[in-house]
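*Asks:* Dock chain B against chain A, hints included.
There are 2 protein chains.
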Amino acid sequence: VPEKRYLFTPGPTPVPPKVLAALAEPVIHHRGPDFKIVYRRCLDRLHEVFRTEGDVLLYTASGTGAMESAVANLCSPGDRVLTVSAGYFGERFAKIGRAYGCAVEELRYEWGESPSADDLASRLDELGGAHAVLLTHSETSTGVVADVHALAAAAKEAGALVVVDAISSLGAVPLETDAWGIDVVASGSQKALMTPPGLAMASVSQAAWEASRRSSSPRMYFDWETTREAQSRLDAPFTPAVSLVVALDVALGILLEEGLEAAFARHVRLGRACREGAKAMGLELFSPDDDRSAVVTAIRAPEGVDADELVLALRDRFGVTLAPGQGVLKGRVFRIGHIGYYDVFDVTTALAAVELGLAEAGADIERGVAVTRALDAYEEAARV
Amino acid sequence: VPEKRYLFTPGPTPVPPKVLAALAEPVIHHRGPDFKIVYRRCLDRLHEVFRTEGDVLLYTASGTGAMESAVANLCSPGDRVLTVSAGYFGERFAKIGRAYGCAVEELRYEWGESPSADDLASRLDELGGAHAVLLTHSETSTGVVADVHALAAAAKEAGALVVVDAISSLGAVPLETDAWGIDVVASGSQKALMTPPGLAMASVSQAAWEASRRSSSPRMYFDWETTREAQSRLDAPFTPAVSLVVALDVALGILLEEGLEAAFARHVRLGRACREGAKAMGLELFSPDDDRSAVVTAIRAPEGVDADELVLALRDRFGVTLAPGQGVLKGRVFRIGHIGYYDVFDVTTALAAVELGLAEAGADIERGVAVTRALDAYEEAARV
Chain A
17 VPEKRYLFTP
27 GPTPVPPKVL
37 AALAEPVIHH
47 RGPDFKIVYR
57 RCLDRLHEVF
67 RTEGDVLLYT
77 ASGTGAMESA
87 VANLCSPGDR
97 VLTVSAGYFG
107 ERFAKIGRAY
117 GCAVEELRYE
127 WGESPSADDL
137 ASRLDELGGA
147 HAVLLTHSET
157 STGVVADVHA
167 LAAAAKEAGA
177 LVVVDAISSL
187 GAVPLETDAW
197 GIDVVASGSQ
207 KALMTPPGLA
217 MASVSQAAWE
227 ASRRSSSPRM
237 YFDWETTREA
247 QSRLDAPFTP
257 AVSLVVALDV
267 ALGILLEEGL
277 EAAFARHVRL
287 GRACREGAKA
297 MGLELFSPDD
307 DRSAVVTAIR
317 APEGVDADEL
327 VLALRDRFGV
337 TLAPGQGVLK
347 GRVFRIGHIG
357 YYDVFDVTTA
367 LAAVELGLAE
377 AGADIERGVA
387 VTRALDAYEE
397 AARV
Chain B
17 VPEKRYLFTP
27 GPTPVPPKVL
37 AALAEPVIHH
47 RGPDFKIVYR
57 RCLDRLHEVF
67 RTEGDVLLYT
77 ASGTGAMESA
87 VANLCSPGDR
97 VLTVSAGYFG
107 ERFAKIGRAY
117 GCAVEELRYE
127 WGESPSADDL
137 ASRLDELGGA
147 HAVLLTHSET
157 STGVVADVHA
167 LAAAAKEAGA
177 LVVVDAISSL
187 GAVPLETDAW
197 GIDVVASGSQ
207 KALMTPPGLA
217 MASVSQAAWE
227 ASRRSSSPRM
237 YFDWETTREA
247 QSRLDAPFTP
257 AVSLVVALDV
267 ALGILLEEGL
277 EAAFARHVRL
287 GRACREGAKA
297 MGLELFSPDD
307 DRSAVVTAIR
317 APEGVDADEL
327 VLALRDRFGV
337 TLAPGQGVLK
347 GRVFRIGHIG
357 YYDVFDVTTA
367 LAAVELGLAE
377 AGADIERGVA
387 VTRALDAYEE
397 AARV
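In order, the protein sequences belong to chains A and B. If you want the numbering used here, it's the 1-based position in the first sequence plus 16. If you want the numbering used here, it's the 1-based position in the second sequence plus 16.
Be aware that a few hints might be false.
Chain copies aren't distinguished; within one or between two, either way the pair holds.
List time: in silico DSS-like cross-link candidates among lysine-lysine, alpha-carbon distance up to 25 Å [what the hints assert, rightly or not]:
1) K20 / K34
2) K20 / K172
3) K52 / K20
4) K295 / K52
5) K52 / K346
6) K172 / K52
Read the hints as simulated data drawn from the structure, not as lab findings.
Bound-form chain A, shown alone (with noise of 0.2 Å):
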C-alpha cells in the first residue's frame, strides 16, 4: 500500500491540517477558563451553521447518537413515528424507533428513490398524523438528497414535529433550521464540519422542548434537559471530546471563513464534476443526476466488475479510499464523497484512480476523458 492516502469516502471526510494541528495541542481541562472560551466560539458557530435561535447541543457520539436522543426526548413508547426512508440511514431511523417501543410506520422507497412531498402528506392524512416524522437529509447511502423544506412542511401541516438527520448534509447542502420549521436537526462532526467523528449535534425548537417534557422514555447521557442546563453555564454534564471540541472550533471557523453560500456552491459544482467526469468515461450514475444531490455520488460498478473488489484495489494499488455500496447496494456500486475540505483536485484524483483502476479490472470505458470533463464542468457551473 502506498505511504500516500487519499480519503474519498463520504465520512469521515478530510480534515485539514489546521484541524490536525489543533487535535495535536495539549489537552485542556473541560472546566477551566481556557476551555469555556473555545467551548463558547464552537457553540456560537454552530448556531450560525445551523441557522437557528434555538438551542444545539453539543455530544460526545456518533452522529447515530444525536438520532437517538431525539426519538429518547421526544417519544414515549406507544407514539406514532413516520419514518421517511429511501436507504441505509432512513432505515436506521426506523430502528431507533422500534427500539424505544414506538409505533413505527415507514413511508419507504426503493433504494436511491426521491423522497416527496405529496407521499408524505398522504400517508400522513391515511394515518390520521403523527407524533413525530423522522426524515434523513442527505442519504448518504444511494446519494440522494431529499427536499427537506418540502416534507417539513408536510409534516408541520400534519402537526407531526420533524426530525432531520443531517449527519452528512449540514454545511454542505442549504438547511433551514428555523426557517424551514425543523423540530430537530441532528449533525456529526466527521462531514462537511471537516472535524474527526466523535462529535454530534441537535438542535431542539420549541415545540421539541415541550414533547421532551413529556417524554417517559428513559435517558441520561443523551437527555436534552441535562445538556441544555450544563451548556448555559458553559458547561458539560459528561466530560467532552475536548480535543475534538478543539478541533471542531478551528474547522467551524474555516467554514464560516468561506461562508455557507459559498459553501454550498462549491459542493454543488463537485458534484456536477463527478458526475460528469463518471459519465464522460461511460459510467452509470446510481444516484440523481441533479443539482439537489451534492454530497456523494454513488456509481454503478460496470458490467463484470465487483464494486467491492474496485474499492479495495484502489486503496490497495493507489492509497486512494472510495466507498463501497451499502446494504442492498454492496457490491454493486461505489461512492465518491465530495463533502467539506474538498476541491475539485480531489476530484480528478478520485476519477483518474477509479479510470485506472477499472482499466486494469478489464472495464470496458473510456480512458482520457473524465479528468478534463470534470475540471470543464467544474468551471461551468461556476458561470452559471
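*Replies:* Same frame as chain A, now just chain B:
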C-alpha cells in the same frame, strides 16, 4: 496567563507527545483495512488492561456512557439496584438507575469515607438481595479508592451482578475484572489510559450477557449486542472516533510496555509523594493517607483560603491547572490528580505552585520543604 500550561487534573490527564502526534495524523476510514489493523490491536490491548477474557466494548462517548450502558443493558424498570456511594460519581450511578426506572437503594457514606464490604453484605441481606450492585472504584471527587475486590465478593455472595465504575482507576490501580468476578467494568480514555476524552469502554461477563437478554430497557447506541456483533467483524455499528482510537492504541502500547504492575507501583509512589509533600507544608489531607488512594489527592484549603480561588489563581499566575472540589466539597478542597502520563516532577511542580499560591494568599504554611519531602517519599516508596 503564561503560555506554558500544566495539566494536573484527575481527568483529562496529560497526553504523551506520541499520542498527540497520532491524533494529528490524517483521518482514515473506519471500514478500511488501515483502521482494522489498529482497531484489532487496540481491542486486544484493552483486554490486557481490563484483565478479562470476556468482551470489551468500545464506545464513542464520555465514560458516563459506559456506565449508562450497564444500567440500560442489565436492568428493566422496577429491578432493584444497590448503589454504593461516597461522593459525586457514586451518586451519578444512582441517578442513572433512577432514570431507567430501577428501584434504587443506596448504601450511602459521607463524602470521603471508604465503603466497607461488611456494610454492603448487611445491606444486601436486609434487602434480600439485589439485581445489581453499582460500585465506584476510584471516587475522583474525594480521592478514595474503594476495596472493589472485597465489595465485589460481598455482592457476588448475595447473587447480585457487579458493575464497577473504573473510569479513573483502570490502569492506575489494580483491577482484576475476571479474577474478582466483576460483571461490568466501565472506563474511559482520558485518565490512566493517557488519551483525550471521547472513548468509553465496558467489559461484559457471561452473566451480564445473560442478564442483558432479559432487559427491557430501550437502547440502540449503547446496546451491547449491537456493538459486540460489529466488533466481532472488526467493525463498529456507528462511525467511531477514529482519531481517538488510533491515539488510544498508541497510549495502550506505552502503558503495556511499562507494564501494568509497574504502572500501579508508580501510581502508589506518586500518591505517597503528593501526600507527604502536602503534609510537609502543613496542609491537611482530605483523601485517606493510605497507599490504596493512588489516583488523586484531595487536600483541604487552609484556614481563610477559598479552594476555588486558589485553583483559579494557580491557573492564571502559573498556567497550572488543579481540580476544584465538587458538590459538597466545593471551595473546601482542591485536588491534585496524579494519573497516567505523570512522574514525580509533575507532583513537585504541582506542590511548588500550591506552596507559592498559598503563600501569596497569606496562608500559614511551611515554605521550602514540600518538594524535597515529595522527592524523598517517592524514593523511599521505591525501596519498600
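*Asks:* So, for every hint listed, does it hold in this structure?
*Replies:* Here is how each hint holds up against the structure:
1. Taking CA atoms no more than 25 Å apart as the test, K20 paired with K34 passes in both settings, with 19 Å inside one copy and 20 Å between copies.
2. With identical chains, the CA atoms of K20 and K172 are never at most 25 Å apart, being 49 Å at best within one copy and 53 Å at best between copies.
3. For the identical chains of this complex, K52 and K20 are inter-copy neighbours only, at 18 Å across copies versus 37 Å inside a copy, given an alpha-carbon limit of 25 Å.
4. Taking the closest pair of Cα atoms, K295 and K52 never come within 25 Å of each other, the shortest separation being 49 Å inside a single copy and 33 Å across copies.
5. Taking the shortest Cα distances, K52 and K346 sit within 25 Å of each other only across copies (19 Å), while inside one copy they are farther apart (44 Å).
6. In the homo-oligomer, the alpha carbons of K172 and K52 never lie at most 25 Å apart, since the shortest distance is 37 Å inside one protomer and 43 Å across protomers.
Checked against the numbered hints given earlier, this structure breaks hints 2, 4, 6; the rest are met.
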